[in-house]
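Chemist: One letter stands for each residue in the lines below.
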Amino acid sequence: MPYIPHTAEDVRAMLDRVGVDAIDSLFDEIPAELRVEELAGVPAALTELEVSRLAAGRADQDGRRLNFIGAGAYEHHIPAPVWALATRGEIYSAYTPYQAEASQGTLQVMYEFQSMIAGLTAMDVSNASLYDGASALAEACLMAVRAHRRSKSARILMPSTVNPVWQRVAGVITEGQGLAFESVPYDPARGVIDAAALERFHGQDITAIVIQQPNFFGQLEDVAALTRFARANGAFVIAAVNPVSLALLTPPGEWGEGGADIACGDAQPFGVPLSSGGPYVGFMACRMEHVRQMPGRIAGRTVDVDGSIGYTLTLQAREQHIRRGKATSNICTNQGLLMTAATIHLALLGPVGLERVASACVARTRELVASLTALAGVRAAFAGPRFHEAVLQFERPVLPLLEALAAEGIVGGHELSRDYPELGHALLVCATETRTPSDIERYSRTLARLT
Amino acid sequence: MSDIPDDLRYTKSHEWVRTLPDGSVEIGITDHAQRSLGDLVFVEVPEAGRVLAAGDACAVVESVKAASDVYSPLGGEVIAGNAQLSTQPELINQDPYGQGWILRLKPSGRAADVPLDAAGYAAEIATGS
Amino acid sequence: MRKTEPLIFELSRPGRGATAQYPAPAETGIPEAFCRRGRPPLPEVSELQAVRHYTRLSQLNFGIDTHFYPLGSCTMKYNPRVCNSLAMLPGFLDRHPLAPAATGQGMLRCLFELQEMLRHVTGMAGVSLTPMAGAQGEFAGVAMIRAYHRARGDTARNEIIVPDAAHGTNPATAAMCGMKVREITSLPDGDVDLAALDAALSPATAGIMLTNPSTLGVFERRIVEIAKKVHAAGGLLYYDGANLNAILGKVRPGDMGFDVIHMNLHKTFSTPHGGGGPGSGAVGVGRRLLPYRPVPVVGQDGDRFRWLDERDLPESIGRLSGFMGNTGVLLRAWVYMRILGAAGMRRVAEYSTLNANYLLARLIEAGFDAAYPGRRASHEFIVTLKRMARETGVTAMDFAKRLLDHGYHAPTTYFPLLVPECLLIEPTETETREELDGFVDALAAIRREAASDAATVKAAPHTMPVRRLDDVRAARQLDVAWKPAAA
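Going down the list, the sequences are from chains H, C and D. Heads up, the final residue of the first sequence is numbered 451 in our numbering, and it's a clean run with no missing numbers. Heads up, the final residue of the second sequence is numbered 580 in our numbering, and it's a clean run with no missing numbers. Heads up, the final residue of the third sequence is numbered 1067 in our numbering, and it's a clean run with no missing numbers.
Excised from the complex, chain H in its bound form (with noise of 0.2 Å):
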């Protein structure tokens, strides 16, 4: 009976105590018609080896390829520390920290995560995570009409710079709650918001306005413009941005001035592995004026009966578990093993190694758009600067090229024209400090054979 104890002795005592013949007695209570006796469609067991040799066999028919894709989820060297420490048994098998004193480690691990990710982004506070970004981007949205005293629209701009997957969730999870979202178009040249149809929306009631640094095309919006226009429209700034660009470009609480007002994004990068999709581990930060709307966990610090240093979740009155009905979220869970990891990550890169990781995605980037728009029918869609992607246009469909690539062990990048039909045969690629310039000249050489 894998990971069940009881010996035979050990049932009969159990039983005798409580007083029955046998365990099906303690199901009396359920109405027969209710009692499975055969459980249909699911295998009989394994053994821990066979199930390793079934899911080893899967793993390697997947095999691994060089990776050029970004959007969203970035591939970046994880030092091995990192999961060393994240699978010790006292912080892979931790509960929440309800019982404050016997989780020290997670509640502080927690409190370091908040300062990190508030220094980062220039912010004065942060939450202990949320699921993922794109969950985060949809909570900053509903925090924004909460906490915005004045605006009573609940319009919120949200440009079609801002990755597409995460405009679906924010409509999906803010659906019901009255928030209406409004799209404004980018110019077509520099794959940026376009000044000129956001200035429509100036004098008018909004609530709040997305912006995305860098954007889904990996190019750079001018924040500070952007910010300037919120804030003479009494909007809401809520920057969504990439953690690890952080390390380079002027974090949210510096935007125009005054600053964003909530910041969010998605901490992947910082020791999450891309894992085939998640888990991941999403991120907000506000001002300290807000801190009552912000969703999710947070640790505080505080001191015991003694006077000594301690951590404790707090601010949990604003939390689905008191306040029921009225909370400002049903969130339950923060990501606390990818916060932790993250937090690690961090620990190790430091101010300067995650300095020079930016500004290696950075350099391989601009290397890889350089010897791919190279080739013949290649490049690239848009002028200005840009961060660690980059959109490429083509004179022929994508996807078989694509496909040919991953049947050579490259995976290219991603495509584009389901969401943006407008940029014809469209591809976002990426190349973080984990690609070299023999992995980018691979590619190169690889697609130029190709076409």
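Rather than coming from a laboratory, the hints here were simulated on the basis of the structure. Treat the hints loosely; a few may be bogus.
Said to hold, decoys possible - Taking lysine-lysine pairs in the DSS-like style, the calculated list, with each CA pair at most 25 Å apart, reads:
1. C:K516 with D:K966
2. D:K760 with H:K152
3. C:K516 with D:K760
4. C:K463 with C:K557
5. D:K760 with C:K463
6. D:K809 with D:K760
None of these values were measured; they are calculated from a predicted model.
Assemble chains C and D onto chain H, guided by the hints.
Modeler: Just chains C and D now, kept in the frame of chain H:
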């Protein structure tokens, strides 16, 4: 034994109302309420000028274990919220009927219409509501 | 236990770093106007300092690997290590979610099998694995109910009925979906009050959210009747799967009449709690709600697998996450279910229930008061310390803190809200009889101590890295981020 001053009116949801000499009213929460909430950590008071109907949620009182709405026993226009509570929420615990007042209202209804007097409120909490 | 640790920032010294981790410097060419002035305030420590710091912090925690953790409603069972090692195989771990489906057939097959196993074990018609936590699963469930009624033109249905014993996420979720919450009472024996249910049902009823066994630790005996009443009134039934461990393999929510369920893979299917996450809240649906499942869902085309998305399920409530949900968590659950197999599922229910009933019997013998003495325990049960609190002034909170000194993580306290001074105790099936006996002895010892030396119990814990923490101060003097000293 919680304190229930005779000269005030009360609601079942544990608010009290005091009529001031100039006809305005002062509203807060009772001693019973502050005891069951525990040490208050945060209070959100309404802004001056806000117009309330009787029964509207007009303030929030938050302890470590609960966050509760305060319902206005009367309709009217808010004259002021108690600004001191933003830095000293514990005033409600220490002096719920005095320095712990939450808002002052120019009422549109009559204080005498607020359902319970001191004896009525005492009976209400004795039955364990 | 060891004493506490300074903050990582306090160990920082300018110029220190884990330099083996640094890429070579590179020119970015990004114009000044976009750039940060000054470096972010991250700590500068050596690699060994970081390793030692986080190792020591881990040693300040209780975990399942180190302590018996009978947290009611959380299902703190052993997290098999093989689940982690197989989910972290490079072929699964290094794959980008947007890589072509042809490069992920192995993983997709695992996830398809997981969908099928979960579907069968719960008796539902379809499953979506995407919700990233139980609360997101709940959101998906209520959103699907809303979509169902809307598609039928039944737009007046905007009320969700919730028992007063329900977990806080239930009403919070209903509110998030723009629904009104209608609470109904429970009877003293723990079952839902059918008269209250009848009074609450109306043409405005969209559905009811139930847990079975309930949060009171007992099986809702008239569930079939409840289902009939709700369906007859035009509403749908939502099952909160938090307590699925009690009935896994023995009773299926689909058979009870539920139209939609969420499962907590991090409870019933033993994926790691990780200090507070990641969870995974897969949802199962009956036929009526199949079209509304959140996307993407794994589909099978002959012997190939692919993600079905909005084009395949045009009436789906949509996406809840940036990608496919918590894939790594799903793979861990797949491993667990493959190791348990069909017979293993039933044993989960049987032995978790045996452990709970045994523990309850021994505690009653030791003089504790069960909240629902006439009832069988499910996989968990409630003990009320109301009497002891009155006699000695020692509360459930004090009890819980003193248990830490005995080397046990406390059970859930003060939930459900209905039972005063309660402990909600869930041993799970992976604990030995000796562990349970030791726990009973500890509880009995604390009870004796409460009678003879209440002050010591009230001042507990005494042996932890910190004593009892001032949470009032934590909220009043909010300190939630370290900041560098002003220059």
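Chemist: Would you mind marking each hint as holding or not holding in the structure?
Modeler: Taking the hints in turn, this is what the structure says about them:
| no. | hint | verdict |
| --- | --- | --- |
| 1 | C:K516 with D:K966 | holds, 19 Å |
| 2 | D:K760 with H:K152 | holds, 21 Å |
| 3 | C:K516 with D:K760 | holds, 24 Å |
| 4 | C:K463 with C:K557 | holds, 22 Å |
| 5 | D:K760 with C:K463 | holds, 23 Å |
| 6 | D:K809 with D:K760 | holds, 20 Å |
Violation of the numbered hints given earlier is absent; every hint is satisfied by the structure.
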